[in-house]
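J.: Starting from the known structure of chain H, fit chains E and V with the ligands onto it as the hints suggest.
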Amino acid sequence: MFRNTPVAAQASPLTTLRGWAQRAASSRTLTLLVPVVMGLLLAACGDGNHPRDTLNPAGDGAQVSAWFFWLYMILDTVIFIIVCAAMVVAIMKFSKKKGDDDSLPPQSHGNMKLELIWTVIPTIIVLVLAVITVGGVFQLSAKPAEEQKIVDVEVIGKQWWWEFDYKNERITTANELHVEEGTQVSLHLTSADVIHAFWVPRVSGKRDATPGRTYPLYFKPFEKGEFIGQCAELCGASHARMGLKMFVHPKTGPDSYDNWVKAQQAAARAPTTALEKEGKKVFETKGCKSCHTIKGVAELTQRSRTTGPDLTHVGSRSTIAAVTLENNVENLAKWVKDPQSVKEAALMTNLGLSDKESKAVATYLYSLK
Amino acid sequence: MSAKLLDIESLQAPEPHMHFERPGKTGLVDWLTTVDHKKIGILYLLSGVFYLLCGGLEAILFRIQLAVPDNTFLGGETFNGLVTMHATSMVFLAIMPMTAGFANFLVPLMIGARDVAFPRLNSWSYWTFLGGSLVINASFVFGGAPSAGWFGYAPLTGAQYSGSGVDFWWAGLALLSASSLAASVNFIVTILNLRAPGLTLLRLPVLGWMMLVIQFLLALSFPPITVGLILLGFDRMFGTLFYEVSMGGDPHLWQHLFWLFGHPEVYVLILPAMGIVSEILPVFARRPLFGQTAVIFSGIFIGFVGFGVWAHHMFTSGMGPVADAAFAATTAIIAIPTGVKIFNWLGTLWGGKMTYPTPMLFAVSFIPIFTLGGLSGLMHASPPLDLQQHDSYFVVAHFHYVLVGGALQGLFAGVYFYFPKFTGRMMSDKLGKVHFWTFLAGLNLTFFPQHMLGNNGMPRRIYTYPADAQWDLYNMLGTVGALIMGAATLVFVYNMIVSWRSGEKAGRDPWDACTLEWLTESPPKVQNFDFTPIVLSERPVWDHKYTEGMEIVAPAKGEHFHMPSYSWKPMICSGFVILLVIGLLMNTFMPGNWLWVISAVSGLGVVGSVYAWVSEPV
Amino acid sequence: MSAIAAEAPHDDHGADHGGHGHEELVENNYMKVPNVKLALWTFLGSECMFFGSLIATYFFYLEKSISGPLPAEVFSIEITSISTFVLLMSSFTMALAVDSAKSGAMDKARNWLVVTALCGSVFVGFQVYEFYHFFHMGLALQTSLFGSTFYTMTGFHGAHVTVGVIWLLMCAALVNNGKIKAERAVVIESAGLYWHFVDIVWIIIFTFVYLLEFAK
Ligand code: HEA
Ligand code: HEA
Ligand code: CUA
Ligand SMILES: [Cu+2]
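Residue numbers (numbering that gives the first Met the number 0), protein chains in the order written: chain H, 0 to 368; chain E, 0 to 617; chain V, 0 to 215.
Hints listed in this document are in silico derivations from the structure and should not be mistaken for laboratory results. Heads up, the beta-carbon is just placed ideally off N, CA and C, and yes, glycines get one too. Treat the hints with care, as some may be off.
Now the stretches of chain E that chain H is said to cover, found in silico as 3 or more residues with beta-carbon under 8 Å [to be verified]:
1) 146-153
2) 276-287
3) 314-323
4) 550-560
Chain H extracted, bound-state conformation (with noise of 0.2 Å):
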């Protein structure tokens, strides 16, 4: 193939081989890297089971993502092994030896035709995936059709935590998003101060969430369970602590997605006990409501960049804060009282409640299923 073949190249076959081991096991350790890289390519893949596996899709618009990461996976193997298998042989072949003399190789330019075949193949490949890409890019961007059921849900970002709209339904919820198996969701995404990224990465890929401006992100998740999920575009200090879960109900049975619906609609659980009693007191005196609403107790008309989440329904939450910690009446009491020191920067304020009022109104809010 290559014109220019020096001499030494033609010797017999078994000289060469020898002569290969021999250098091989010599200087030229960097062949070394090739079977390394090589290796960690393969762990790359297989990696268990993962929460936040990416190629391990429980909804379409994770799946589609992960059917091209395979297309594209398997190329780039090939693609790769070709260079490097051509860099490694070039190496064992056209290395100074011991006792060569200072004579030049042969000195040539180019070869068209070589050159030609490496510029014509990359095109064909690349043109081949632009048109598959394309596929992809309008079938993830498609409108679901509207005639079927649809999970509507308003997210806005906040920092940092999200708040979900179900406007329909007349819902609104924090940090958890509840959904259907098999039912279309459609998501519309927008931010009340600066961007955040919405990503579930076991369900779909991620869309942003932009202030001023709303985004749709749609999918169908097919496996039930709960998915973890977080904030994915840099939104200020807390940006770490800025996770959600997505929650995905069979259609029926106790744990209907129907049957949480109805759960959420209802108004807010009165008090029973004294001490819950005592913490709906904190909750209204010690100025929450200025930020929080709870249905039938505080409502809230004007909302700004510092009003929290809608606590209705904080009992009934598995995490708090952003799943920056689980919802219990201690890590409720620990939140309340400092804030800032369970998650920096949060924008709720301290109101420097002593440690009785804010077991009594963790103990209220916890109660609130």
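T.: Chains E and V with the ligands in isolation, oriented as in the chain H frame:
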């Protein structure tokens, strides 16, 4: 084939007649007033290496924070500040200045010129760059580093959401932009107009070509970000509404302005490294670059197409399917010319007679490492896939393979290769090999597992992560790898210092190389060449040595020429420009008439120093 | 130092921004364009991107302001037409300056440079008046996107004209004290390139920002 006919050392030329004032001064004053492209080049290189250490130190600090889950070594704000400053330092203050160092030192030598076209403007560029870099870093002292990420997306950079670090950031970058505009104008004229007789564009070495291409990229891509930064500065200082969402402002405006610069910028970072690799491989394979013309044209093509792909950084921003598809397609096209380069390099190795001193090791390892990074870039170019990878560690892996494995390794190769020309001494090959192997190990240890982290859903720029996310192993590896790279870099710096003082003496042409810069002494005399060489091929020095009838002939009579003298004016002028920016910054600390006083003083200063500059006899 | 340089066959008391001491290398001038002029062309290429970005920003935000006053309410086409005419004329006088310099009539060139600079100052004066006027009609930088984009775009153009005026006056001074001689007419030619460029940018702004507002 033919053996060596002649030696470069044997080339004798009659003494030239010179009118010049260089070296005008000595010691520190010499460095401040120099207009010699070689000294300015060394200033750029040393500044670049210094900021490489700073950027690396910042990386090591935030890598320590990421080593284990739920770590409390750094808080979120500090972490974001370090990440932002890491990227800003590495991109603008390390790689670009090192590149500028090579361009300054080598381009005039490669083209057989005595200096750049505008030597004083060259000095102005350096001092303005230095001022800009100091302004950016001053943020650490005054109110904290900028922490909105290196692409500073609006509205996070707005006064409402970010501290004064962002003021230092935009003002410093605006200074760098002015500096780089001046430099690009200078180098375009130099390369186009000052080539020695016979050095046609197709005989211009690949490195010279890549330097030319990036000057065009800089001249045309910096203005959009400059405008973006000015609008940002106006928003922050004067309350304009460019990025103010509540008044109708659109955050995408910034994104377009930034990436219209940002994408060509990444080719500004990589093309010089590719040029260096293209110079080194033929020397140590001892044969010409395979398909040199194709390598050059693919570089030009990359530069062109690089302007039409910027929105591939915005696939998740909701531009809509038509824009996504268009930018995906244009982006993928860049794989073709890049592949041409890769394969032509392999073609150069194939059939050669290779030896492996340190520069060759770095140049060879550039090929697979860069390819790996390029191939993951190709993945990003497909929006359905990029929706998952965007802003995840997969992207971090992509760009460190091309930036560290590509740009930085290429520049390392260049330092080892050209060090004898810069200083007259060889760098230690033994230490060089230690540097190479440890760096390569650290590089792969840190950045390879980041592909897996990305696939496992780890977003970038998070200062901490919970244990149950199962990201701890790969992050620990990354931290260890960063420390290894840090150690390797210290070996490199140590090698530079020791070799500069007491390395083995190098002759004119220690590597038996090809291009004009090896014709002259190491380090070159102040006038570069004693006579203007006449160039007959793309490998003039090689052909001088090995090809009958292609010798470079010195004239019988000494030539006559004039070299410009040292000058204080450029530094003074750039001082006033920097003062202007400091005045703007002061305004955020002490609002009031300060701004106008300082602006007036520095404006008059600029005008005065320019007038002094242009009426200076030379 | 001057003594030595005066002896040199290529006397090049350079007055351009650093294009000094290298005329001897122009022998290898492949582009057939003098260094200074080539530099200016490159710089203007960059300036095209600069103004391109500013003008694009203006149009990106056109009609996106959520509060008035609107462009049509503040623009006064008569006044701006006059200042535009003055700037256009200055391009003409600039051409005369370049012509004179090329033909060696340095005194004449100097005079035309001063006239051009005067025209430029008149234009800047009009702009200051216009800004003042708009401001009093309730349009400030912070009023609306229109205010922000309009003032920034035209302000940067005005700043370029101001720089041009200083540049021309510097050239005139250098001609006056003999530092720009007829051989270095290229320096004046380059200043002229810049001046024409700034002029063309204004034509674009005037046409697309002002006139279109009234064509609607
Ligand atoms: C040196 C710098 C450099 C270089 C050279 C590149 C090269 C490329 N980059 Fe990269 N990129 C960055 C630096 C660089 N990039 C940075 C810094 C970012 C992140 C910025 C940030 O967000 O902070 C980024 C991000 C980035 C994104 C956005 C990702 C995201 O945020 O979602 C994309 C998307 O398309 C992309 C694509 C590409 C492509 C297609 C190339 C191509 O040029 C690569 C071409 C090379 C090859 C393909 C390999 C060799 C070719 C062959 C062997 C031929 C055969 C191949 C085929 C036929 C396919 N890059
Ligand atoms: C050319 C550019 C370049 C280079 C060379 C590097 C080099 C390195 N980068 Fe960088 N990186 C970027 C450009 C670059 N990076 C960019 C653009 C980003 C995106 C930022 C953003 O999101 O905004 C980024 C982000 C980034 C991240 C992601 C952070 C996040 O998203 O949270 C990480 C994480 O591991 C990382 C690590 C490293 C490491 C370990 C190195 C190593 O190679 C460094 C090697 C170490 C040294 C060179 C240090 C040697 C010095 C010493 C040991 C100390 C001695 C000091 C003195 C005497 C002063 N980088
Ligand atoms: Cu919200 Cu990151
Ligand atoms: Cu890019």
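J.: Between the region 314-323 of chain E and chain H, are there enough contacts, at least three residues with CB-CB distance under 8 Å, for the coverage claim to hold?
T.: This one holds; 6 residues, not fewer than the three required, reach chain H with a Cβ under 8 Å.
J.: Checking C-beta pairs, does the region 550-560 of chain E have three or more residues closer than 8 Å to chain H?
T.: Coverage by chain H is violated here, the residue count being 0 at a Cβ distance below 8 Å.
J.: Would you check chain H against the region 146-153 of chain E, counting CB to CB pairs closer than 8 Å, and say if three or more residues qualify?
T.: holds (count 4)
J.: Counting residues of the region 276-287 of chain E that have a beta-carbon nearer than 8 Å to any beta-carbon of chain H, does the count reach 3?
T.: Holds: 4 residues of the region 276-287 of chain E have a Cβ under 8 Å from chain H.
Hint violations for this structure: number 4 only, all remaining hints satisfied.
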